[in-house]
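If you want the working numbering, it's the position in the sequence shown, counting the first as 1, plus 162.
One or more of the hints may lead you astray.
Stated by the list, open to error - Keeping only pairs whose Cα atoms sit at most 20 angstroms apart, straight-line, the calculated DMTMM-like set for lysine to aspartate or glutamate is:
hint	residue 1	residue 2
1	Lys-438	Asp-466
2	Lys-309	Asp-275
3	Lys-259	Glu-210
4	Lys-309	Glu-299
5	Lys-305	Glu-273
6	Lys-305	Asp-260
7	Lys-520	Asp-500
8	Lys-400	Asp-379
9	Lys-296	Asp-269
10	Lys-463	Asp-524
11	Lys-463	Asp-415
12	Lys-296	Asp-345
13	Lys-262	Glu-299
14	Lys-395	Glu-432
15	Lys-366	Asp-415
16	Lys-413	Glu-432
17	Lys-445	Asp-398
18	Lys-413	Glu-429
19	Lys-313	Glu-327
20	Lys-259	Asp-269
21	Lys-226	Asp-260
22	Lys-330	Glu-293
23	Lys-346	Glu-327
24	Lys-400	Glu-432
25	Lys-330	Glu-299
26	Lys-309	Asp-345
Calculated directly from the structure, the hints in this document are not laboratory data.
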Amino acid sequence: MRYLPFIGLLFICSFSFSQNSTLVSPTDTSATDSLVISESDTLIIPIEAQEKYNEGVKAFQNKKYNIAVDRFSQAIAIEPRFIAPYYNRALVRTETKDYKGAISDFDIVIENDTLFENDAALYQRGKAKYESGKADEALSDYKAASKINPKNADYYYYSGLIKFEQGKFKESVFSFNKALIVDKKYAYAYNDRGSAKRKLEDYKGAMADYEKAIISDPSLAFAYNNLGSIKRKTGDSKGAIEEYNQAIRLKPDYYVAYNNRGSAKFELGEYTEAIKDFNKALKIEPQYTFALNNRATAKYKLRDYEGAISDCDQAIKIDEKYGEAYLNRGISKEMIRDKDGACIDWSRAAELGINNGKTYVDNTCND
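Model the full structure from these sequences, guided by the hints.
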């Protein structure tokens, strides 16, 4: 029986901007005068601009984004030197994925700000730049923000996330370290530093960080998942299952954790139980190709070759460039004496960069 590759060890880096945008509060328009003092002692804001601004804030809070943009724009039209509407309009535009407009508004705030701390605008502009594909510019903004306010852990944390995404794992660890110096209970920073250490093959350090993330915030399902996966990586499949159980308890629709728990059961030789977990993952997310491939592998172990082929078929239908699925389908086809079909699949796997595909072609198809 040939070896069938198993794709199941999935680590999650919590790469998402989880912090809420900072909304500037409405201003007090209870005064009876037609003008109110705002922003500085020298700039007098017409009350009409204040009212439109407050309407925009209320609309933003109620997620009526088009209305919010309109009201902030009206406030700006009445008094172009009124900075608060630019800042809030930028936040709304970020929320609605109008990153170009958001960056333009943040530029105005940063260049003309007399009310807000520039670090907040730099940070928010960095987020908009990141989302618009300008990661290096985002890093520059986070760095500038941290120089103004070195006590905000988020600025270091989000720098670390970008460096992680860029494959600069040592640098990302350094950024997460700085975030944790500022905030020793920053669970996300512990988790993502653990993922960076895992990439650097520092498995002991990664495990310690995932455990610290859980201590800091026991509700983080992905931290339990990551701890389980590092335990699998170090050969503790039973311990991994316990962590995946916790992840699923916290997040019952966590299909990644079901897949990974199935992988751990597979490694223990519990193929039928593994299939049950892969089934659960696929019930939640039918397009999850990793679970399809893994279920195929478990079926292969149970000598259900037709079932394995069917799962690989489905995976390839979803992702026609899924090389491992071609490789595995070829191995299963060989077991039902479909050598020609197996060789076609192995050749395709080789074309997609799967080394074993070429090995099978050389050893089996060229005789």
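A quick look at each hint next to the structure:
1. Lys-438 - Asp-466: Roughly 15 angstroms between the alpha carbons, so the hint for Lys-438 and Asp-466 holds.
2. Lys-309 - Asp-275: holds (17 angstroms)
3. Lys-259 - Glu-210: violated (29 angstroms)
4. Lys-309 - Glu-299: OK: Lys-309 and Glu-299 at ~16 angstroms, within 20 angstroms.
5. Lys-305 - Glu-273: holds (17 angstroms)
6. Lys-305 - Asp-260: Roughly 23 angstroms between the alpha carbons, so the hint for Lys-305 and Asp-260 is violated.
7. Lys-520 - Asp-500: Holds, at about 18 angstroms.
8. Lys-400 - Asp-379: Between Lys-400 and Asp-379 the Cα gap is close to 23 angstroms, so the pair fails against 20 angstroms, i.e. violated.
9. Lys-296 - Asp-269: holds (15 angstroms)
10. Lys-463 - Asp-524: violated (24 angstroms)
11. Lys-463 - Asp-415: violated (27 angstroms)
12. Lys-296 - Asp-345: Outside the cut-off at roughly 27 angstroms; violated.
13. Lys-262 - Glu-299: Roughly 13 angstroms separates the two Cα atoms, so the pair holds.
14. Lys-395 - Glu-432: holds (18 angstroms)
15. Lys-366 - Asp-415: Not OK: Lys-366 and Asp-415 at ~29 angstroms, beyond 20 angstroms, violated.
16. Lys-413 - Glu-432: Not OK: Lys-413 and Glu-432 at ~24 angstroms, beyond 20 angstroms, violated.
17. Lys-445 - Asp-398: violated (27 angstroms)
18. Lys-413 - Glu-429: violated (24 angstroms)
19. Lys-313 - Glu-327: violated (24 angstroms)
20. Lys-259 - Asp-269: holds (17 angstroms)
21. Lys-226 - Asp-260: Holds - the C-alpha atoms of Asp-260 and Lys-226 are around 15 angstroms apart, at most 20 angstroms.
22. Lys-330 - Glu-293: holds (19 angstroms)
23. Lys-346 - Glu-327: violated (23 angstroms)
24. Lys-400 - Glu-432: Holds, at about 11 angstroms.
25. Lys-330 - Glu-299: Since the Cα atoms of Lys-330 and Glu-299 sit roughly 16 angstroms apart, the hinted pair holds (cutoff 20 angstroms).
26. Lys-309 - Asp-345: holds (17 angstroms)
In summary, the numbered hints that this structure violates are 3, 6, 8, 10, 11, 12, 15, 16, 17, 18, 19, 23.
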